[in-house]
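Participant: Single-letter residue listing:
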Amino acid sequence: DAKTTQPDSMESTEGETVHLPCSHATISGNEYIYWYRQVPLQGPEYVTHGLQQNTTNSMAFLAIASDRKSSTLILPHVSLRDAAVYHCILRVFSGGSNYKLTFGKGTLLTVTP
Amino acid sequence: EAAVTQSPRSKVAVTGGKVTLSCHQTNNHDYMYWYRQDTGHGLRLIHYSYVADSTEKGDIPDGYKASRPSQENFSLILELASLSQTAVYFCASSGLGGQQDTQYFGPGTRLLVL
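As given, the protein sequences belong to chains A and B, one line each in that order. Just so we're aligned, residue 2 is where the first sequence starts under this note's numbering, counting upward by one. Just so we're aligned, residue 135 is where the second sequence starts under this note's numbering, counting upward by one.
Isolated chain A (complex conformation) (with noise of 0.2 Å):
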């Protein structure tokens, strides 16, 4: 399978932007990078995706690099509800039409008044 490579764990401070990395070497041409975050005792939620194109909603911009074997999601003016572990997975094809989710530990994002 298709992996990824984040830190364990990074700090900020309410109001910061916050630069969140991920490298993926081995990614295939046609795998897509998702970033879902995750709170204590709920479920994963969305946050964004892209293929080559760096990419912007109300949440994130996912910033991909040229060769994409790395990416980084850029949170701006961070809130306190914006702790919470951040995956960034490779949607990966694993046969039939399934088109699942591999999640790994992820990083766990600390943010502080």
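There could be a bad hint or two in this list.
Unchecked claim - No farther apart than 30 Å at their CA atoms in a straight line, the calculated lysine-lysine pairs in the DSS-like style are these:
1) A:Lys4 <-> A:Lys106
2) B:Lys199 <-> A:Lys106
3) B:Lys199 <-> A:Lys4
Stated by the list, open to error - Computed from the model, here is a short list of chain A residues facing chain B with C-beta under 7 Å:
4) Gln43
5) Gly44
6) Pro45
7) Tyr47
8) Gly51
9) Arg82
10) Lys101
11) Phe104
Rather than coming from a laboratory, the hints here were simulated on the basis of the structure. What you are looking at is a predicted structure, and each value in this text was computed from that prediction instead of being measured. Positions of the beta carbon are idealized from the N, C-alpha and C atoms, including for glycine.
The hints should help you fit chain B onto chain A, whose structure is shown.
Facilitator: Relative to the frame of chain A, chain B by itself:
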């Protein structure tokens, strides 16, 4: 906003007993998934389904059965619950299941097997 609900939200079961976890989605999605999450670890896919009355095995199907009686409902069945099945179980749904299709998750069911 996508809506996936799960019941029960938590359950205590005895070893060897039968456990049924239920999932309901109102997104009109074709695909539904069951994942388990162990403390400190990521999610792992147990079973999934892309049409009613049909289910497929995921990465860790042993000890679990799944049932998809309708597009909206997807159940996970533990016929003989074991201690090792203590975990949090998440259900998810998605549209066509393509590479760009976003999976929306339910709140999870915390299962404790004693």
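Participant: Does the interface hint hold: is Gly44 of chain A within less than 7 Å of chain B, judged Cβ to Cβ?
Facilitator: holds, 3 Å
Participant: Mind checking the CB of Pro45 of chain A against every CB in chain B and telling me if the closest is under 7 Å?
Facilitator: Nearest chain B Cβ about 5 Å off; hint holds.
Participant: Take the shortest C-beta to C-beta distance between Gln43 of chain A and chain B; is it under 7 Å?
Facilitator: This interface hint holds because 6 Å falls under the 7 Å limit.
Participant: Closer than 7 Å between Cβ atoms is the bar; does Phe104 of chain A clear it against chain B? Give me holds or violated.
Facilitator: It holds, given that the least Cβ distance between Phe104 of chain A and chain B is near 3 Å, below 7 Å.
Participant: Within a Cα-Cα threshold of 30 Å, do Lys199 of chain B and Lys4 of chain A meet the stated pairing?
Facilitator: At roughly 28 Å apart (the allowed maximum being 30 Å), Lys4 of chain A and Lys199 of chain B satisfy the hint.
Participant: Next item in the hint list is Arg82 of chain A. Is there a CB on chain B closer than 7 Å to its CB?
Facilitator: Violated - the Cβ of Arg82 of chain A stays beyond 7 Å from chain B, reaching only about 16 Å at its closest.
Participant: Checking one constraint from the list: CA of Lys4 of chain A to CA of Lys106 of chain A, max 30 Å. Satisfied?
Facilitator: Measuring from Cα to Cα gives roughly 12 Å; hence the hint holds.
Participant: Given the hint that Lys199 of chain B pairs with Lys106 of chain A, does the C-alpha gap stay at or below 30 Å?
Facilitator: holds, 26 Å
Participant: Next item in the hint list is Tyr47 of chain A. Is there a CB on chain B closer than 7 Å to its CB?
Facilitator: OK, holds: Tyr47 of chain A within 7 Å of chain B, min 5 Å.
Participant: Should the interface hint for Gly51 of chain A be scored as holding, given a Cβ-Cβ cut-off of 7 Å against chain B?
Facilitator: violated, 10 Å
Participant: Was the hint right that Lys101 of chain A lines chain B, CB cutoff 7 Å?
Facilitator: holds, 5 Å
The earlier numbered hints that this structure contradicts are 8 and 9.
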